[in-house]
Amino acid sequence: MMGGLWQDVRFGLRSLRRRPGFTAVAGVTLALGVGANTAMFGVLDSVLLRPLNYPDADRIVQVWSGRVLSKSTLERIEEAVSSFEVVTGYEATALALTGVGAAEEIQGAAVSPGHFDVMGVRPALGRGFAREEATPGEDAVVILSHALWVDRFGADPRILGRSVVLDGAPRAVVGVMPAGYRPLNRGWRIWVPLTIDPSDFGDYEGTAGSRILARLAPGIVPRLAELELEPLAQALHDEEPAVFDEEFVSQATAVPILDATVASTRTTLWLLLGAVGLVLLIACANVANLLLAQGTGRGQEMAVRRALGGSRRRLVRQLLVESLLLGTGGGMVGVGVAAGLLTGLGAHLASGVPRGDTIGFDLRLFAFALALSLGTTVLFGLVPAVQVARPELRPGLAHGGRRGVAGRGRQGMNRVLMAAEVAISVVLLFGAGLLLKSSWLLQRVDPGFATADLLTLRLTLPADQYPDSTTRVTYVRTVEERVGALAGVTRVGTVGFLPMASGHISTVYTVDGRPLPEGGPRPYAMAQVATPGALETLGIPLLEGRWFDETDRPESEVRGAINAARAAAAFGSENPRGRPRQMFGDSAFPVLGVVGDVRQTALDIDSRPETFFSYRQFPAFTNLYLTVRTSGDPMDLAAAVLERVLSMDVDVPISRVATMDAVLRSTMADSRLTTLLFSLFAGLALLLGVVGVYGVISYTVSSRTYEIGVRLAMGAPHTTVVREIVGRALVPVVGGLTVGLLAALTSSHLLRGLLFQVRPWDPVVLGGAALTLGGAALLAIFSPVRRAASIDPAQCLDTE
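So the number in the numbering used here is just where the residue sits in the sequence shown, counting from 1, plus 35.
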């Protein structure tokens, strides 16, 4: 048995070597299909399938769908839900590290004492937070990441107990996390206690708050925890329906941390894997067609071997071994393709996709590529092997295989495969067209401000150095004056939140003292602070009233500007100028002016009601964005701007230096990458589909050369012969287009969540996909048909 198999392998290698063109084309086709699928599976495996690197990670759940909850609600959950072994709240934060080299803004989190118990990880040095350290005044402690300990403190083994200055206040280092620990957010490098003060209503009962994680008790599944959360949610709703609405009740969930972490990318990655899987099917169909075409030329060989006593089973095995060799070779090349693709994808996805920094090629993917190669061998090799190993002995021996005699069954299989390639290509082209149109429309959305020639950077004011309104306002004013004096700078302003780049805060508002609605949702508006000139610097249009100016001083009456969405929500068609609206407790502020709507969060999210206050009257923010309008390329002035800012105070960390155009592009990076990948897969499908159509028609013409010559010799017009060949070629193309259009319409709803202002059944895109593929198929048909029309009957019959 083994001797015969080894003989088949050697014979197969010689056979493939004798057909270098076929071997190269088939191998490259398979390498592209296997490589692209392996790379896409590698991304999906790293992001979605591998468990998180925490002990018993399946017991960690995110509570209430990741919704931000008040600290009082956090305590209610701890008391009411016995299914949770430990509960923790956490809030992202940024702290200014000074006194150790250059000042730097450090990203981190404020966490409850049980945070690291929930994660199942203990500090490598020192300890976690004690419960009493969650009390205001007792929270002057900090835990460092291993990387921060190494980079900024030289891996000092005496770090425990050392005082470090964060936001101008000293904190004692009580722990250092292990080197391999991956926090919930990969950017976190520092942890401080999350303080809980029941006496502070705004902090304890306020609408802002923490996200909540919990570790399930042993033997408890998430659904059991949800059964305890549901009555708590209903009780909270009954107590304060305006705060805890029906949506809050419906979101009383305990979602496994892996599912919560990758929820935003799960659908997209599965869709991309499905798309690239369709490309592999087209590749397999192409190779199968090539094998069928090659089988025509091997008719005499198969007939002779059958005549000499070779069994059909033996011939099938021989042909399958050849397919296996071809698939293995293509798979090995595909491994290289996959490694290259993963290197590029990993670089693009590392910062934008959850767990994107874990993407890479490893032995798991090598095994996957090998298994995929073997699987595709069976897929593309079995049917051709059976067809080719079933030769008609008399025609095969009589013609010596030189006439390209082919059975109807084999030609029928070619046409079926061609129709399948066309149908799959239509589905992918339609999907790519929808995403491209969506991306095109998204890029043309007006963000509400001018992005060109605008430099932005973030300033983090240490709290002890700038403890009050006077010091903060003075610093910001001086920085703006120094930067504004630079040649090439046309405007300077400062805001609390930069559109598209930072979060926001929202507050409840009322108008003219009208009471808040009872039993229904409260109206919320985003709150923004800006210095005089900041809105003009950003290019936000003034619709009515005036901007902030030098008359808006700390001692003068507080007034605010509102955006058009806020004006419409609060006042309808009434003129809002001078009308008071209530925000921040019982304080009422008259409307100074109305400005244009700004898309603060993303281009595909509509503008929300927003109120602007002068930073000189509300200087509570210590994290600010300096915006600099320039007369040329903003990055040409970046170094000079940084120098002017640092000359004011070297202990103020500067971060996130970028042009506004770059910030805007970063918000669309995920959408663009998805569109690019889907379009690449669709383009590859189109290319392979056209090659498949060309190959089938060429094979048909070659296999009928003798027949065509006889018909022409007997007086049949060339036009009749050509018309018949074109008609036969168009049948599978039209059939594939029809099936593909129906499949595209049926499956397009899967892309709904990725589309912006585009209907999943968009007729223009659907027609464009059909015309593109139909036109490409006609071009593929043209060359073989022209060759058939130029056949010389005398020469054709003479060679026989």
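One should not assume that every hint holds.
[Claimed, not checked] The following label-pair restraints were derived from C-beta to C-beta distances:
{"hint": "1", "residue 1": "Arg691", "residue 2": "Gly802", "range": "41 to 49 Å"}
{"hint": "2", "residue 1": "Gln478", "residue 2": "Arg162", "range": "22 to 30 Å"}
{"hint": "3", "residue 1": "Pro90", "residue 2": "Val135", "range": "31 to 39 Å"}
Simulated from the structure, these hints should not be mistaken for laboratory data. Don't be surprised by glycine CBs; every beta carbon is placed ideally from N, CA and C.
Hints, one by one, checked against the model:
1. Arg691 to Gly802: 41 to 49 Å: holds (44 Å)
2. Gln478 to Arg162: 22 to 30 Å: This hint is violated: roughly 50 Å between Cβ atoms.
3. Pro90 to Val135: 31 to 39 Å: Once the Cβ atoms are compared, 32 Å apart, the range 31 to 39 Å for Val135 and Pro90 holds.
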